[in-house]
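Participant: Take the sequences, apply the hints, and build the full model.
Chains A and B are the protein sequences, given in the same order.
Oh and the first sequence: position 39 is 39 in the numbering used here, straight run, nothing missing.
Oh and the second sequence: position 329 is 329 in the numbering used here, straight run, nothing missing.
Check each hint, because a few of them may be wrong.
Under 7 Å between C-beta atoms, here's a sample of chain B residues computed to sit facing chain A [said to hold, decoys possible]:
| no. | residue |
| --- | --- |
| 1 | Leu127 |
| 2 | Glu266 |
| 3 | Trp361 |
| 4 | Thr403 |
Restricting the straight-line Cα-Cα distance to at most 20 Å, the calculated cross-link-like pairs of lysine to aspartate or glutamate (EDC-like) are [said to hold, decoys possible]:
| no. | chain 1 | residue 1 | chain 2 | residue 2 |
| --- | --- | --- | --- | --- |
| 5 | B | Lys400 | B | Glu189 |
| 6 | A | Lys86 | B | Asp164 |
| 7 | B | Lys285 | A | Glu188 |
Per the computed footprint, the stretches of chain A lying under chain B, defined by three or more beta-carbons under 8 Å from a beta-carbon of chain B, are [unchecked claim]:
| no. | region |
| --- | --- |
| 8 | 35-44 |
| 9 | 95-104 |
None of these hints come from the bench; they were simulated from the model.
All figures in this text were calculated on a predicted structure; none of them were measured in a lab.
Glycine included, each C-beta is placed from N, C-alpha and C at the ideal position.
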Amino acid sequence: MRFSKFIVVAAGIAAIASAAAAQQAAMPAYKGIGTPATKQEIQAEDISISREGKGLPPGSGSAKEGAGIFAEKCAVCHGVNGEGAKIGPALVTDKNAHESLTTMKPVRSLAAYWPYATMVWDYIHRAMPRNQGGTLAPNEVYALTAFILYKNGIVQESDVLDQKTLPNVHMPNRDGFVPARLEDISDEHKRGCKQGICP
Amino acid sequence: MNPKKPTRRLFLKNGAALAGLALGAPAVAKSVEGADAPLERVDQLHQHGERSHFVDSIRHGSINNPERHLPDEPRAFGLTSPIQDSSGMVTPASLHFVISHGYEPPDINPKEHRLLIHGMVDRPMTLSVDDIKRLPSVSKFHFIECHGNSTTGGLGGPQRVSPDATAQDTHGYTSCSQWTGVMLSLILEQAGLQKSGTWIVAEGADDYKHSKSIPIGKAMDDALVAYAQNGEPVRPEQGFPLRLVVPGFQGINNVKWLHRINVVDEPYMGMMEVTRYPRLMPDGKSRWFEFELGPKSVITRPSGGHHLQGPGFYEITGLAWSGGGTIRRVEVSTDGGKIWKDAKMQDPILRKAHTRFTIPWNWDGGEAMLMSRCTDDNGVVQPSLAEVAKIWGTDPDFFKKTTLITSDMNAIQPWKVNADGSIKNAIF
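Facilitator: Below you can see the structure in the form of structure tokens.
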């Protein structure tokens, strides 16, 4: 009897100890430093969009809707047809711009160079219009993305872009990057990079 | 004595002081008009030192110079550090190079600034600058170098290849500071880094919210969140109040005005890192997410634009650095690479920091070709231009013709000394 009691007590102590250990693992090493971030706080700040569209908010837009927004908010810097001006780079370039990448004067434009359409959404959303980044509503960003891609001949005028369709837009230079597989990117030594130059 | 006229900056300072004193003593008002200017200047030197007005070394670059605007980034500008005037291995913060992708530094109140850590962490949290200053600190000397430093093409290319180029024109996009802050690994552990987190996305609070993907291995190795540079708060154009320092990696990784770190499981395709910084090779394919900068050195004195007064003794001195580690050896040639002699390296010699080297030289008054090459502790030797071309899979002519930024250009830099004492850039 006394023996079994001892076992119960020992088990109790062990349980307390393991609970304490679990709690310790959940505690930061340096007490009283940092404030837990709430979901709302994170949501308000988190503008990261992955290449597959992780992080894209609900909403949608087409080139037709984007045309008016572009004329109102973008054309002043990027030109009425997105041809570029003193402040904003060209957003619309020749169909053959992609072929320039093997020449001595490569055009690294959005249509000729950017690998993912989600990046267009991300950049407009975080940075545009200049000095007013974050002020466009998701629908406006979808519409502007559609308009720019349409002007470059990458989507149709009537195509509606949203969380699902945008990541599926195929950019002309999608396969222009080495290494192709994302999981091969992080280790430069495995990639055989030397002196900052990767084969 | 004829003290220099108070600069506009001093005048503005006085204006601010006046406002602060709420129409203070008449003596102050008098000084604004210049009557007490000498005394005023001494006062300010005592409060916050300024260099001698006989020293005129400055950053220079391409702000408002239409000829140097990139068509795909028309408002970008870069300011190079005057390394031809440098001594030792530390760059004064006021002369640290600056690259801007078209925006002025944000004016951030450090009391309101927060760093958010979220994503694949157990305890997403915000840290104030004061929180970060309470954590165990480190002070480390590290260089930061733009991947486009020494490029023969693109922004700065024409200046870099000109025979009249100075070391500032050829190699001015590198600087070295003592950074004080907290190891990023400590901050990520404080937030409870999860095993699934394989990358971080670091983001700045600037107007285009620059974001950069960095592998977790590097983040947990030697990256730090810096709040001080060379003993003072990080300067606004360098990222005040917080800057991520990622030793040895291309400059773009050192996110200024750091306000958010998202722990994720793949690289996120930030605009700058994916559309401007990949190495577009002659075959039209790009190598993306290159990080580590190779070994590089340059003779800073005597160098392009300097003028030798006459035959006799000169100390040759310069800087060497490598993103791969510590500089183990620097060699100098005065005859265009026929004979190489070991230079002396000055303490401190530190990982991923500028290392100052010197070697004595007696100039006989004839033509000479000054070059330096370094070796890091991985045994990697700084290449010649021909060797760089080989690594790129092209010929040296490519570097003359291309309009591309030839990133990570670490070719040996030759300076031609003419019989009249003039010194010219001889990269081509």
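Participant: Take the hints in turn and mark each one as holding or not.
Facilitator: Consistency of the hints with the structure:
no.: 1; hint: Leu127; result: holds, 5 Å
no.: 2; hint: Glu266; result: holds, 5 Å
no.: 3; hint: Trp361; result: violated, 28 Å
no.: 4; hint: Thr403; result: holds, 5 Å
no.: 5; hint: B:Lys400 <-> B:Glu189; result: violated, 48 Å
no.: 6; hint: A:Lys86 <-> B:Asp164; result: violated, 29 Å
no.: 7; hint: B:Lys285 <-> A:Glu188; result: holds, 17 Å
no.: 8; hint: 35-44; result: holds (count 5)
no.: 9; hint: 95-104; result: holds (count 3)
In terms of the numbered hints stated before, the structure departs from hints 3, 5, 6, listed from lowest to highest.
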